[in-house]
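Engineer: Sequence:
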Amino acid sequence: MQKYYRIGQIVPSSNTTMETEIPAMLTTRQSIRPERFTFHSSRMRMKKVVKEELAAMDAESDRCAVELSDARVDVLGYACLVAIMAMGLGYHRQSEKRLTGRTQENGANIPVVTSAGALIEGLTVMNARKIAVVAPYMKPLTELVVDYIREEGFEVMDWRALEIPDNLDVARHDPENLPAIVQTLDLTDVDVIVLSACVQMPSLPVIAKVEAMTGKPVLTAAVATTYCMLKSLGLEAVVPGAGALLSGAY
Numbered sequence: 001m002q003k004y005y006r007i008g009q010i011v012p013s014s015n016t017t018m019e020t021e022i023p024a025m026l027t028t029r030q031s032i033r034p035e036r037f038t039f040h041s042s043r044m045r046m047k048k049v050v051k052e053e054l055a056a057m058d059a060e061s062d063r064c065a066v067e068l069s070d071a072r073v074d075v076l077g078y079a080c081l082v083a084i085m086a087m088g089l090g091y092h093r094q095s096e097k098r099l100t101g102r103t104q105e106n107g108a109n110i111p112v113v114t115s116a117g118a119l120i121e122g123l124t125v126m127n128a129r130k131i132a133v134v135a136p137y138m139k140p141l142t143e144l145v146v147d148y149i150r151e152e153g154f155e156v157m158d159w160r161a162l163e164i165p166d167n168l169d170v171a172r173h174d175p176e177n178l179p180a181i182v183q184t185l186d187l188t189d190v191d192v193i194v195l196s197a198c199v200q201m202p203s204l205p206v207i208a209k210v211e212a213m214t215g216k217p218v219l220t221a222a223v224a225t226t227y228c229m230l231k232s233l234g235l236e237a238v239v240p241g242a243g244a245l246l247s248g249a250y
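Letter by letter, the sequence shown follows residues 1 to 250 in our numbering.
Treat the hints with care, since some could be wrong.
As the list claims (entries may be wrong) - Subject to a maximum C-alpha distance of 20 Å in a straight line, what follows is the list of computed SDA-like cross-link-like pairs (lysine to any residue):
| # | residue 1 | residue 2 |
| --- | --- | --- |
| 1 | K47 | P140 |
| 2 | K231 | F39 |
| 3 | K139 | M126 |
| 4 | K130 | R160 |
| 5 | K231 | H40 |
| 6 | K97 | A55 |
| 7 | K3 | R33 |
| 8 | K130 | M213 |
| 9 | K139 | L89 |
| 10 | K216 | V156 |
| 11 | K130 | R150 |
| 12 | K130 | T188 |
Worth flagging that the hints you see were computed from the coordinates, not collected in a lab.
Working from the sequences, and respecting the hints, build out all of it.
Structural biologist: Shown next, in the form of structure tokens:
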């Protein structure tokens, strides 16, 4: 009998990509491993990627964690990197602990992965020291993300802010534009390219292309979240075509 795992996601109401890329990766994994997955979401209201809306949205995450724990999901992912990072340095640890507590109060004990914490974990696993970052946010929010990553011990050597304020427009950004954007970065001595520091900006279709073009390993927030979800379930973190972190090399 095949083992099914329930993947829960706390998702901004205007997010469409996280419920596309994570299922795509885990469905692809099913071609090489026996485990099967189902996908379940609860939503927090957010339309504009600005600090005020992000803070209001984060306040709804407790409700979402309780709702998903009603379904007894096996892992719970908080699918908004910038919402966590906008709440203060190191906030992913506080969020993960609090949301796990909400599931415990509801009679479950569900591991919680935040995309912000997963990005930090992914970079750590890849032994990254110097990185380059592409993000869709306005410059002030991108600077906040860069500062957050730097506080976790990484050198951000270069970065690009695409300055897309509307979250639906972020999802509409053509991933085929990303290789040209990466070519504008100074990749000297860079260990890892963070191709999308945002779970809403699509990037999965071009990860392999950018790795081949640059000769550098590529990580995205969605890939890192998938990695941490699989590890929290005690499963092998391998997905074909999803970049270095999910190649099985780590």
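Engineer: For a quick check of understanding: which of the numbered hints are violated here, in increasing order?
Structural biologist: Per hint list: single violation, 3.
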